[in-house]
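Trainee: Sequence order for the protein chains is L and P.
Take the first sequence: its position 72, counting from 1, is numbered 72 in full-length UniProt numbering, and each next residue is one higher.
Take the second sequence: its position 121, counting from 1, is numbered 121 in full-length UniProt numbering, and each next residue is one higher.
Among the clues, some could well be false.
Copies of the same chain look alike in the list, so a pair counts if it fits in one copy or across any two.
Said to hold, decoys possible - Derived pair list, reagent style SDA-like, types lysine to any residue, alpha-carbon separation capped at 25 Å:
hint: 1; residue 1: Lys72; residue 2: Arg215
hint: 2; residue 1: Lys145; residue 2: Ile73
hint: 3; residue 1: Lys205; residue 2: Gly77
hint: 4; residue 1: Lys72; residue 2: Ile155
hint: 5; residue 1: Lys56; residue 2: Ile151
hint: 6; residue 1: Lys255; residue 2: Val176
hint: 7; residue 1: Lys56; residue 2: Leu261
hint: 8; residue 1: Lys72; residue 2: Ile198
hint: 9; residue 1: Lys72; residue 2: Glu149
hint: 10; residue 1: Lys19; residue 2: Asp202
hint: 11; residue 1: Lys19; residue 2: Ile89
hint: 12; residue 1: Lys72; residue 2: Gln235
hint: 13; residue 1: Lys255; residue 2: Val132
hint: 14; residue 1: Lys145; residue 2: Arg103
hint: 15; residue 1: Lys255; residue 2: His191
hint: 16; residue 1: Lys19; residue 2: Gly77
hint: 17; residue 1: Lys255; residue 2: Glu149
hint: 18; residue 1: Lys72; residue 2: Pro152
hint: 19; residue 1: Lys255; residue 2: Ser188
hint: 20; residue 1: Lys72; residue 2: Asn147
hint: 21; residue 1: Lys72; residue 2: Leu29
Calculated directly from the structure, the hints in this document are not laboratory data.
Read off the chains here:
2 protein chains.
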Amino acid sequence: MLNFSSLPSEIRQLCRDGKLDTPTPGLALGFVQANLVVLPYSLAFEFLLFCQRNPKSCPILDVTEIGDPEPKIIAPGADIRTDLPRYRIFRHGELIEETTDIRPFWRSDLVAFLIGCSFSFENAMLNSGLPVRHVEEQKNVPMYKTNIECIPTRIFSSPLVVSMRPLPANNIVRAVEVTSRYYKAHGSPVHIGNPEEIGIRDLQKPDYGDAVTVRDGEVPVFWACGVTTQTAIFQAKPELAITHSPGHMFISDLKDEYLTL
Amino acid sequence: MLNFSSLPSEIRQLCRDGKLDTPTPGLALGFVQANLVVLPYSLAFEFLLFCQRNPKSCPILDVTEIGDPEPKIIAPGADIRTDLPRYRIFRHGELIEETTDIRPFWRSDLVAFLIGCSFSFENAMLNSGLPVRHVEEQKNVPMYKTNIECIPTRIFSSPLVVSMRPLPANNIVRAVEVTSRYYKAHGSPVHIGNPEEIGIRDLQKPDYGDAVTVRDGEVPVFWACGVTTQTAIFQAKPELAITHSPGHMFISDLKDEYLTL
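With the rest of the complex left out, here is chain L (with noise of 0.2 Å):
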């Protein structure tokens, strides 16, 4: 039975057999997450690019061979065809389906790029004390469209869009310090405070995920999410892309404290 103690291979294999299809905040826990973007390999050159560019939105973990299913850097043997519970396909820019398996839509040309994901550093944050709001309120963490430009390449461009975790004054200091060593998970934050500083009107009104409770006194934190690939692909509207869907991740056999320096 699948439960918090689970191994990554035991968990993708209930993907790969149809048996798991849910968000995986908390499975595995201790185990590296990754968002996973599928592309042309004639798009790959500038999408790497993009991320070398702009690495704490998009900090690369694998990058899978031409053709090749297997992400052989951070899970041997796995297929990223079918070990995550949910993906989004995407033509032109939109989404035209959800699905369970991409094999269907595998192509020889098709290149898949692994990126980290926030999980580790929240794992972080909750091993040293730090409260961690849409955990608490079991909600998905709040995104927002900023004013900041990534650094684009000829073909890929963005907005950079962040997540936002309330924190009293006095965790402020910690929480840069402890989100930091993760520098292939975001690392640290790229605001603290007005959100209006950075483009956000209404924190209540999250562009992705759920709106969280931020008390009196909180300050809002802001970390660069890697949402921000999506927003590159739905602009530079490649003929073929494939995601997955958002907060049914990949998950990997590095453990957290190898997104550390």
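Given the coordinates of chain L, work out where chain P should sit on it, guided by the hints.
Mentor: Structure of chain P alone, referenced to chain L:
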């Protein structure tokens, strides 16, 4: 006149005017110097992926747009075709020419990669009171091919090339601490102690650079080295590749501190 406190832009201008053709260690101290690799766009994804998979050897600082010689991120306004003191031209992996101006070789399909260099962490070592033997002895750093294989891509593979600095045993922990912060300039060592464990037979016979004195009681400490990219190019034999000449680096507008976490 050129001196140790010259600005990067002044040194680049001297190169551009054909007035500087010397190695760059010690110039514009405190500013980031970079390895240069120029390749056709057709190989750009595979090379960027090789660097992404081997970040300790090949930490990417900037990648120019196809056909554009300006490294917009680390030195806006610079021209990598003229602003280094000396270059090497390779055809099918063979060195065919050294030159001080690569404009005659430039093509609209070329991409330039700027890669972090050990000068940044050596400055930090010296500032921390750690000895850097080849600097004391006014030599080039000794470099060795190891029996450690880089993570390959379909096209690029290479043994890891390392540089070596001998240290008194009671300096080693501090050297790890100081250099590990510079994760975009090779970061922490890859090996401490017995050279034979990583396939090095004789410290006094480096594969590149100069041998340095290793005193009684000193321990050899090895860091990943950017020359790894040149070995990878030698093995891949691209129809055209251009690099800096050893020690003749590109001087960027970034301060060393930019390369730290």
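Trainee: For every hint, state whether the structure bears it out.
Mentor: Tested hints:
1. Lys72 - Arg215: Intra 44 Å, inter 43 Å, cutoff 25 Å: neither.
2. Lys145 - Ile73: This pair counts as between: shortest inter-copy Cα distance 23 Å, intra-copy 31 Å.
3. Lys205 - Gly77: Close neither inside one copy (41 Å) nor across copies (41 Å); limit 25 Å.
4. Lys72 - Ile155: Cα proximity of lysine 72 and isoleucine 155: across copies only (16 Å, versus 27 Å in one copy).
5. Lys56 - Ile151: For lysine 56 and isoleucine 151, the Cα distance is within 25 Å both inside one copy (11 Å) and across copies (23 Å).
6. Lys255 - Val176: Classified as both: same-chain Cα gap 21 Å, cross-chain 22 Å, threshold 25 Å.
7. Lys56 - Leu261: both (14 Å within a copy, 12 Å between copies)
8. Lys72 - Ile198: Cα proximity of lysine 72 and isoleucine 198: across copies only (24 Å, versus 38 Å in one copy).
9. Lys72 - Glu149: between (32 Å within a copy, 16 Å between copies)
10. Lys19 - Asp202: Neither, since 39 Å and 57 Å both go past 25 Å.
11. Lys19 - Ile89: within (21 Å within a copy, 56 Å between copies)
12. Lys72 - Gln235: Cα proximity of lysine 72 and glutamine 235: across copies only (23 Å, versus 30 Å in one copy).
13. Lys255 - Val132: within (20 Å within a copy, 35 Å between copies)
14. Lys145 - Arg103: For lysine 145 and arginine 103, neither the intra-copy (32 Å) nor the inter-copy (42 Å) Cα distance is at most 25 Å.
15. Lys255 - His191: between (27 Å within a copy, 23 Å between copies)
16. Lys19 - Gly77: within (19 Å within a copy, 56 Å between copies)
17. Lys255 - Glu149: Close across copies (23 Å), not inside one copy (31 Å); limit 25 Å.
18. Lys72 - Pro152: Between. Shortest inter-copy distance 11 Å satisfies the 25 Å Cα cut-off; intra-copy 29 Å does not.
19. Lys255 - Ser188: Result: close both inside a copy and across copies, 19 Å intra and 20 Å inter.
20. Lys72 - Asn147: between (37 Å within a copy, 21 Å between copies)
21. Lys72 - Leu29: within (21 Å within a copy, 41 Å between copies)
The structure shown violates the earlier hints numbered 1, 3, 10, 14.
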